[in-house]
Every structure is written in structure tokens, then in C-alpha cells.
Amino acid sequence: MKVEVAREKLLSNFEVYNHLVDIQKENNWNFTLGEDTNKKQRRKRGNHLIDLEIITRELSGFLIRTGQSNDYTRENVVEFMTGLNQYSLMKIEKLEILNRLPRTIVSLFSVIEECDQRFSDEQCNSMLELVQRCFPVAQEAVEEDRMEVEQEEEEEEEEVIAEQFEMEELEHETFAKIDEAEEQEE
Amino acid sequence: MFQLSVISDLIRISPHLFHLPTEEAVQNELNIKYANKVIHKLGLVVAVWDLLQVDDGLLKPGDGAVFINVRFRIVVFKPVVGEVLTGWIESCSDEGIKVNMNFFNDIFIPKNYMFEGSYYSADDNAWIWQMDEETKLYLDINEKINFRIEKEVFNDVRPKGPDNSLTSLTADDQTNGVDTEDRKVPPYALIASCQTDGMGCVSWWE
Numbered sequence: 002m003k004v005e006v007a008r009e010k011l012l013s014n015f016e017v018y019n020h021l022v023d024i025q026k027e028n029n030w031n032f033t034l035g036e037d038t039n040k041k042q043r044r045k046r047g048n049h050l051i052d053l054e055i056i057t058r059e060l061s062g063f064l065i066r067t068g069q070s071n072d073y074t075r076e077n078v079v080e081f082m083t084g085l086n087q088y089s090l091m092k093i094e095k096l097e098i099l100n101r102l103p104r105t106i107v108s109l110f111s112v113i114e115e116c117d118q119r120f121s122d123e124q125c126n127s128m129l130e131l132v133q134r135c136f137p138v139a140q141e142a143v144e145e146d147r148m149e150v151e152q153e154e155e156e157e158e159e160e161v162i163a164e165q166f167e168m169e170e171l172e173h174e175t176f177a178k179i180d181e182a183e184e185q186e187e
Numbered sequence: 284m285f286q287l288s289v290i291s292d293l294i295r296i297s298p299h300l301f302h303l304p305t306e307e308a309v310q311n312e313l314n315i316k317y318a319n320k321v322i323h324k325l326g327l328v329v330a331v332w333d334l335l336q337v338d339d340g341l342l343k344p345g346d347g348a349v350f351i352n353v354r355f356r357i358v359v360f361k362p363v364v365g366e367v368l369t370g371w372i373e374s375c376s377d378e379g380i381k382v383n384m385n386f387f388n389d390i391f392i393p394k395n396y397m398f399e400g401s402y403y404s405a406d407d408n409a410w411i412w413q414m415d416e417e418t419k420l421y422l423d424i425n426e427k428i429n430f431r432i433e434k435e436v437f438n439d440v441r442p443k444g445p446d447n448s449l450t451s452l453t454a455d456d457q458t459n460g461v462d463t464e465d466r467k468v469p470p471y472a473l474i475a476s477c478q479t480d481g482m483g484c485v486s487w488w489e
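Line order of the protein sequences matches chains A and B. Residue 133 in our numbering sits at position 132 of the first sequence, and the numbers go up by one each step. Residue 434 in our numbering sits at position 151 of the second sequence, and the numbers go up by one each step.
Just so you know, these hints were derived from the structure itself, not from any lab. On a predicted model such as this, the values are computed, not experimentally measured, just so you know. Among the hints, erroneous ones may be present.
Claimed, not checked - As a list, the in silico DSSO-like pairs of lysine-lysine whose alpha-carbon atoms are at most 30 angstroms apart:
{"id": "1", "chain 1": "B", "residue 1": "K434", "chain 2": "A", "residue 2": "K3"}
{"id": "2", "chain 1": "A", "residue 1": "K3", "chain 2": "B", "residue 2": "K343"}
{"id": "3", "chain 1": "A", "residue 1": "K95", "chain 2": "B", "residue 2": "K427"}
{"id": "4", "chain 1": "B", "residue 1": "K324", "chain 2": "B", "residue 2": "K394"}
{"id": "5", "chain 1": "B", "residue 1": "K316", "chain 2": "A", "residue 2": "K26"}
{"id": "6", "chain 1": "A", "residue 1": "K92", "chain 2": "B", "residue 2": "K434"}
What the hints assert, rightly or not - Stretch by stretch, here's where chain B covers chain A in the computed footprint (C-beta under 8 angstroms, at least three residues):
{"id": "7", "region": "11-22"}
{"id": "8", "region": "56-63"}
{"id": "9", "region": "93-104"}
{"id": "10", "region": "107-120"}
Glycine is no exception: its CB is placed at the ideal position from the N, C-alpha and C atoms.
Could you build the full structure based on these sequences and the hints that come with them?
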């Protein structure tokens, strides 16, 4: 093994999550399409991809649980990044803002180094507005989060929520595919 | 938090995988070899991202398998120093706090990287930040916590080869003891801090 380029590119959580969903879909790990096919797949592939299965499950679970809003879409991200480009931010800072989506001044300051010297209050506020505009938080989601904290996070529930999010993610993707197909036809 | 790294390697494809398309077989073998493993001085590998170049297979006398040179990209978990991450408190001790990120658990916040004026309470089994005289903020187990990466530590966990020198024979007992301790060391660990605004429990800052 030889490491040729240690850091070729940086990836956002959104890209990583999409890649994980693709892997899971390819291997039928999360979606029960009927038990028979599942069992056959298992038998055929055996257990040798178990490490990959573990990390994709745990990492996608982590990304869902920490993602403050789970409705990242390609359009959102592109709009958000072009919005961020008007500020003189480092590339890595932009990436971190995209990953963490700061919604309060405190969290924005923790992501951007020497924020108070580099940016005025107005600029900071408009950055927060940009976050809110591209990735709006539904009131329900906020309440759900609080409930979760209070209930000390029951795992079963999370799994259900995680599945829902994944289904939504799927829907997004299929919509995107339909769109693409239509464009091609035109 | 994540990055792409380009790696080249020679992969062995067993004969029982010959019915698969080459790319699929190679990708599976790479995932078996790398997924959820730490590459020394690089980071924790999540999965193969894509294959850049797959050479023709090579044969080796006496082996039915085919050997293929591959260049590929992998997704690596390697936080940048200074980056802010979110996790959950796994355990507290008077040494510091251990943080769990679900897929990665070797994160530690030592006591000298904690907020000024915080102390460990053995009764509550929690760290307490005495913000001022009246306010006490608790860092309990299972709380969602923000922390800043300060340092990454790599430990070479490769098995050590036999030591043939004479001195090793006399000091046999000692080296054995060291060996077993070494095995517990995580290959990749992160040292984090919790000192500035915005760090600590997520709920404090909302």
C-alpha cells in the first residue's frame, strides 16, 4: 500500500452521507425489499463486508443525529456556497460552516477564527440569515430535538426517525433522477 | 472532517471471485481491506470512494489468484486541528472526559483543556463548570457536547517482530508487560479541548 496523495480533496458531510446511502442501497442493507432477496444477498456475499456495513451504519446514524437539518439537497448546498462566496472566508471555514450550519452568533464565532475582527456584526447576522434561508428549521424539528435530549435518546425511536430520514432522502434522489430524465428527453 | 486520499495498492483476487466484473471484485476486496480501519499517519478509512486506475491482472506461479495494481480514492475521517465537532459524553473521570462519536470513540478531553474553574465531582460522576459563584453547569454522561480538536495521536499497533538480541532474554518479563499494555492503545486518538465559547453542552448555547 502506498499513500500517493494524503489530502486530495476535502469532503462535506453531505457528500459523505450521500455516498454511504449509495453503498447501503447497493448492498440492500437498510431497505428490506422482501426477506427472500435479502437472505439470498446475505448468503451470496457472506459476512466479509461486515466492517463496511458497520461503519456505514454507524456513520450515517451519526450524521443524521448531528445534522441540524436533514434536508440538504444539491440545490440548497450550491445556493448556500455561492451565498458564502461574497465573504472573505477560507475554504476550510466555508466547509465547516456548511457542515455545522451555525444558527447562533456563538456557534458562528466558534467556527470562524477571529470573527469579531474580520467581520462586522451586520455581516455575521447576514451569514446567519443565509443559513436560515437555505436550511430552514421547522419548529417541530426543534421541539423534537429538545424532547430527545430530555428523554435521554431512546434508541428505538431514533432508528425509526433515521429510517424516515432515509426514506425522505430516497425520495429526494428519485425526484432528482426523474428531473434529469425529463431534461434529457427535452 | 472528511477528506479524499489517493492510494495505490496491489490487490489479490481469489479465483472464486472471477465470476464478478473486475471493478466490482476489486472494490469489494478494497472495502474488506480498508473499511473501518486506521491508516497510520492518515486517519480512519470510511469506504472506497472510486477507482482511478485498474491495471491488467498479473499472475504468480503456484497461485491461482490474480494480482491487480489499483489506484483508488478513499474517504478518510481526519478532522483538522482547530475544527469543532459534536459528540456525546461516554464517561467522565478525574482525568477528563471521554467522548463518543458513534463511529469513532477514541476522543479524550483532558482536564487541563477544560473550561477554567471546572472540576470533577465523584458523587455525580460528572464534570462541573463553575461559571460564576452561583451557576454550576454539569457535563453529564450522554450529553451532546461540542469540542475543538487540539491534537491527533497515532500509535503504531503493528505486531512487533521477534527481538533476537541477548538483552531481550534477560529483560523478558518487562517487555512482555509492555507488550500487553501497548495492545490496548488505540491506533488513532484525538485530543480535544472545551475552553472557549460555544464549546461544552450543545444545550447551553441555544
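Within 8 angstroms of chain B's CB atoms, at least three CB atoms from the region 107-120 of chain A: coverage verdict
Result for this restraint: holds, n = 6.
Taking 30 angstroms as the top limit, are the C-alpha atoms of B:K316 and A:K26 close enough?
21 angstroms, holds
Establish whether the coverage given for the region 56-63 of chain A by chain B is satisfied; the threshold is a Cβ-Cβ distance below 8 angstroms, and no fewer than three residues must meet it.
Check passed, 6 qualifying residues.
Within 30 angstroms, alpha carbon to alpha carbon, are A:K92 and B:K434?
It holds: about 21 angstroms lies between the C-alpha atoms, which stays within 30 angstroms.
Please check whether the region 93-104 of chain A has three or more residues whose CB lies within less than 8 angstroms of a CB on chain B.
holds (count 4)
Check whether three or more residues of the region 11-22 of chain A sit with their beta carbon closer than 8 angstroms to a beta carbon of chain B.
Result for this restraint: holds, n = 8.
Would you check the hint for B:K434 and A:K3, treating anything up to 30 angstroms between C-alpha atoms as holding?
Holds, because 24 angstroms separates the two Cα atoms, which is no more than 30 angstroms.
Hey, B:K324 versus B:K394, does the alpha-carbon distance stay inside 30 angstroms?
26 angstroms, holds
Holds or violated: are the alpha carbons of A:K3 and B:K343 at most 30 angstroms from each other?
21 angstroms, holds
Given hint B:K427 paired with A:K95 - CA-CA distance at most 30 angstroms:
Between A:K95 and B:K427 the Cα gap is close to 23 angstroms, so the pair holds against 30 angstroms.
Consistency note: the structure conflicts with none of the earlier hints.
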